[in-house]
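Asker: So you can see what is in the structure, the chains are spelled out below.
2 protein chains.
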Amino acid sequence: MSSNDHSILMIPGPTEYHPDVLATLALPSLSHTSPQFIAEFSELLENFKRVLGTKNGQPLIVSGSGTLGWDIIAANLCEKNDRALVINTGYFSDSYATCCETYGIKVCANQIGASVELSEIEKKLKEATADGVYKLICITQVDTSTAVLNDVKSISQLCKQLSPTSLISVDGVCSFGGERFAFDDWKIDAAMTCSQKALGAPPGLALLMFSQQSIDTFRQRTTPVPTYYANLNNWLPIMDAYANRKPSYFATPNVNLIRSLNTSLKLLLDIGIENIVRLHEENAQKFRNIVIKSFDLKFVPTTDKNMANTLSAIYYPKEMTDEQRTKFLGLVKESQVVIAGGLHKKIKTEYFRVGHMGYSVWGGQQQHVVQTLKAIEKALKESGHKINEIGKEDFLSFSCKTSKI
Amino acid sequence: MSSNDHSILMIPGPTEYHPDVLATLALPSLSHTSPQFIAEFSELLENFKRVLGTKNGQPLIVSGSGTLGWDIIAANLCEKNDRALVINTGYFSDSYATCCETYGIKVCANQIGASVELSEIEKKLKEATADGVYKLICITQVDTSTAVLNDVKSISQLCKQLSPTSLISVDGVCSFGGERFAFDDWKIDAAMTCSQKALGAPPGLALLMFSQQSIDTFRQRTTPVPTYYANLNNWLPIMDAYANRKPSYFATPNVNLIRSLNTSLKLLLDIGIENIVRLHEENAQKFRNIVIKSFDLKFVPTTDKNMANTLSAIYYPKEMTDEQRTKFLGLVKESQVVIAGGLHKKIKTEYFRVGHMGYSVWGGQQQHVVQTLKAIEKALKESGHKINEIGKEDFLSFSCKTSKI
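Top to bottom, those sequences are chains U and B.
Heads up, the first sequence is in the UniProt record's numbering, so the first residue is 1 and it goes up one at a time.
Heads up, the second sequence is in the UniProt record's numbering, so the first residue is 1 and it goes up one at a time.
Hints are computed from structural coordinates only; laboratory data are not their basis.
Keep in mind that the hints are not guaranteed to be accurate.
Same chains, same label: a pair holds when it works inside one copy or across any pair of copies.
Stated by the list, open to error - Okay, derived cross-link-like pairs now, DSS-like style, lysine-lysine, Cα gap no bigger than 25 Å in a straight line:
1) Lys106 - Lys80
2) Lys246 - Lys348
3) Lys246 - Lys333
4) Lys345 - Lys266
5) Lys327 - Lys246
6) Lys246 - Lys345
7) Lys298 - Lys80
8) Lys298 - Lys378
9) Lys153 - Lys187
Please model the entire structure based on the sequences and the hints provided.
Answerer: What follows is the structure in structure tokens.
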């Protein structure tokens with residue numbers, strides 16, 4: 001495939017990849033028990049801890065999609081008939097709840113809303129009686145289906161205050177490596193994500209982080225873990241061995257992808273996570289300004305402070321017909337840009353989604369975002385939507401190339 | 001990394017990869033819901049069916065290591081208190097049994113032996129009373145820890161005759177794509193493997209195949225499937241959608257690896273599975289002849305007919321000291337060849353393993369095997385073992401390059 005054929009991928013994951021990430025992926029075979037690979041896996045575990053802001057967290061990186069992360073958290077930290085509070089912000093919260101229920105966990109989920117009010121969570125926590133306290137509280141930092149960004153820091157603070165024994169779990173699939181996050185400082189107990197979003201490598205790895213409190217809870221289980229592949233008893237000794245640069249075996253790791261992800265995290269850490277987050281925030285702000293100013297469109301999240309910086313969920317113009325909506329992504333694709341349709345079942349046909357994260361943001365590839373805006377502009381025009389042409393100065397504002405890349 | 005630094009990987013998986021397989025892996029991003037990717041996934045499902053010799057099997061390809069395949073079979077085809085017979089040939093049979101037990105399945109395993117006698121299986125099947133019949137019979141075609149090749153065809157025939165309702169499951173991790181196998185003709189109900197052995201792509205995918213009988217058994221469950229990520233209810237609609245070239249979503253597939261594996265299977269099918277198997281058999285026979293004739297060493301499998309063609313497990317010379325054994329793999333590595341140590345706990349320090357499968361066998365890369373034999377020869381010499389130098393004509397016998405590659 002020549003690079004001319006390539007349409008840039010601006011969906012909320014998988015994303016575009018740095019050339020070094022792809023080059024690492026295609027390195028020749030390396031044994032999963034070789035000292036070189038073990039050293040690289042060990043380094044990746046440390047780098048992942050740095051990206052998530054933890055010194056003493058227990059990292060876990062397993063072959064599988066991000067979805068597997070829910071299994072690992074629910075099946076290991078909870079036992080049958082434990083209670084979980086799922087703070088529902090969209091499609092992925094629904095799935096997380098279903099995963100919990102599979103393991104016999106009693107799920108209490110709030111109604112999905114554009115934003116989650118702290119007062120509502122407070123009410124839920126106070127309703128929980130002493131013996132019915134939540135074992136697990138599940139928060140999705142950015143729900144990929146709605147682009148809602150939750151205030152994880154405040155939610156965690158409130159939960160730790162009102163329900164200190166509850167374990168706080170964060171789904172960071174569409175946020176880690178792009179949004180502000182501090183595992184230790186925010187007192188998070190279990191965090192999960194995948195390789196293919198803002199962490200910048202192809203899909204195929206589930207990444208998790210556990211606090212000491214969650215490991216203690218796991219160690220104090222009175223019933224066996226109800227799954228084999230997702231059982232922490234099988235994985236923790238392996239991660240310990242890798243951390244100590246010793247060989248160990250439970251299942252063959254995805255050697256090429258582990259190395260590729262490590263290349264990506266090294267690029268991120270070289271720029272600095274604080275800078276990476278700032279670049280995502282600035283980029284998203286500029287992107288949203290143009291969507292409002294030039295396209296006069298509205299976002300699914302209702303307030304500025306709960307809009308994700310890694311993707312945007314944008315309502316189609318009201319006057320756009322069903323037929324025009326169906327054709328919209330195809331029109332954008334004609335400009336060699338791939339964006340995504342709506343995902344949340346209640347409003348699926350009413351909006352589209354644009355990913356703006358990872359390499360396209362921090363890799364000096366701001367032309368990806370510019371090309372995307374131009375493609376959307378053209379498609380809106382062709383759909384008969386009146387737009388205010390995007391100004392040259394608006395495009396130029398995206399050209400703040402990071403010096404380190 | 002320059003190719004000069006590369007040590008060839010002759011362990012029983014991961015293996016060496018065809019350059020096209022690595023090049024496909026490093027192609028730029030492609031959306032997991034794009035028509036192009038869906039068509040490629042659909043093609044891969046068909047190609048996998050062809051490799052396994054099935055017309056009506058239900059394929060399933062999931063992000064995860066091969067180990068996950070056991071979960072998918074055990075958790076979906078069995079219910080709590082069902083009985084399973086694990087025909088034990090080594091380390092991996094032990095793990096399969098543990099996986100079954102995790103899901104509350106009562107496991108009856110035979111004692112590990114160099115070979116599994118049909119008469120022993122017959123006895124086990126006849127002992128099973130009418131209401132205690134085995135729901136699942138687990139066979140490992142080639143146990144990677146011992147290099148024992150089981151006669152799956154005869155075992156399946158016997159089981160189907162004496163216990164027709166039992167589902168026959170085959171672990172083909174170290175055999176599919178290298179050993180003779182016929183899913184339909186041998187009446188197999190569930191088969192599992194991974195991407196990184198004789199199928200010729202990097203690790204990261206669990207591949208499974210189900211017969212109609214096993215899908216029927218699954219549909220007739222009276223209890224819920226006890227896992228989320230490994231639940232067939234979540235995956236079968238996705239595989240149906242891909243087969244019919246329609247988009248669908250449960251978890252993001254490993255796009256790059258799916259495409260890479262498809263490249264590898266297309267290479268295999270272009271040569272023809274019958275030819276691929278024959279090349280593995282011929283190559284293994286020549287390899288073993290030299291091990292016997294020049295090195296005077298013995299194999300872990302005790303008879304010719306139960307020796308795998310994808311790898312060899314070779315006992316160290318008896319006179320070799322523990323210290324020499326510990327250093328042996330390092331000596332081989334000095335010749336830029338990586339082989340593996342023993343794995344089965346009972347005899348771990350007494351033998352070493354050499355993978356000879358996949359690209360190194362069918363890719364016109366017979367120099368991999370020659371280089372490996374030379375490396376072992378040199379290491380044996382340096383360990384003080386008396387050898388009969390390998391003859392030039394023996395090396396030349398490996399030069400039967402396949403015409404199609």
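Asker: Cα distance capped at 25 Å. Does Lys298 pair with Lys378 within a copy, between copies, both, or neither?
Answerer: Classified as within: same-chain Cα gap 18 Å, cross-chain 72 Å, threshold 25 Å.
Asker: Should Lys153 paired with Lys187 be assigned to within, between, both, or neither, using CA atoms and 25 Å as the limit?
Answerer: Cα proximity of Lys153 and Lys187: one copy only (9 Å, versus 56 Å across).
Asker: Within a copy, between copies, both or neither: which one fits Lys327 and Lys246 at a CA-CA cutoff of 25 Å?
Answerer: For Lys327 and Lys246, only the inter-copy Cα distance (17 Å) is at most 25 Å; the intra-copy one is 54 Å.
Asker: For the identical chains here, do Lys345 and Lys266 meet the 25 Å Cα criterion within one copy, between copies, both, or neither?
Answerer: Neither way: Lys345 and Lys266 sit 37 Å apart in one copy and 38 Å across, limit 25 Å.
Asker: Are the CA atoms of Lys246 and Lys348 at most 25 Å apart within a copy, between copies, both, or neither?
Answerer: between (48 Å within a copy, 17 Å between copies)
Asker: Are the CA atoms of Lys298 and Lys80 at most 25 Å apart within a copy, between copies, both, or neither?
Answerer: Neither. Shortest intra-copy (43 Å) and inter-copy (51 Å) distances fail the 25 Å Cα cut-off.
Asker: Could you figure out if Lys106 and Lys80 sit no more than 25 Å apart (CA to CA) within one copy, between two copies, both or neither?
Answerer: Both: 8 Å inside a chain and 21 Å across chains, each within 25 Å.
Asker: At 25 Å max between alpha carbons, let me know whether Lys246 reaches Lys333 within a copy, between copies, both or neither.
Answerer: Classified as between; 18 Å across copies, 48 Å inside a copy.
Asker: Give the relationship of Lys246 and Lys345 under a CA distance limit of 25 Å: within one copy only, between copies only, both, or neither.
Answerer: between (47 Å within a copy, 18 Å between copies)
In terms of the numbered hints stated before, the structure departs from hints 4 and 7, listed from lowest to highest.
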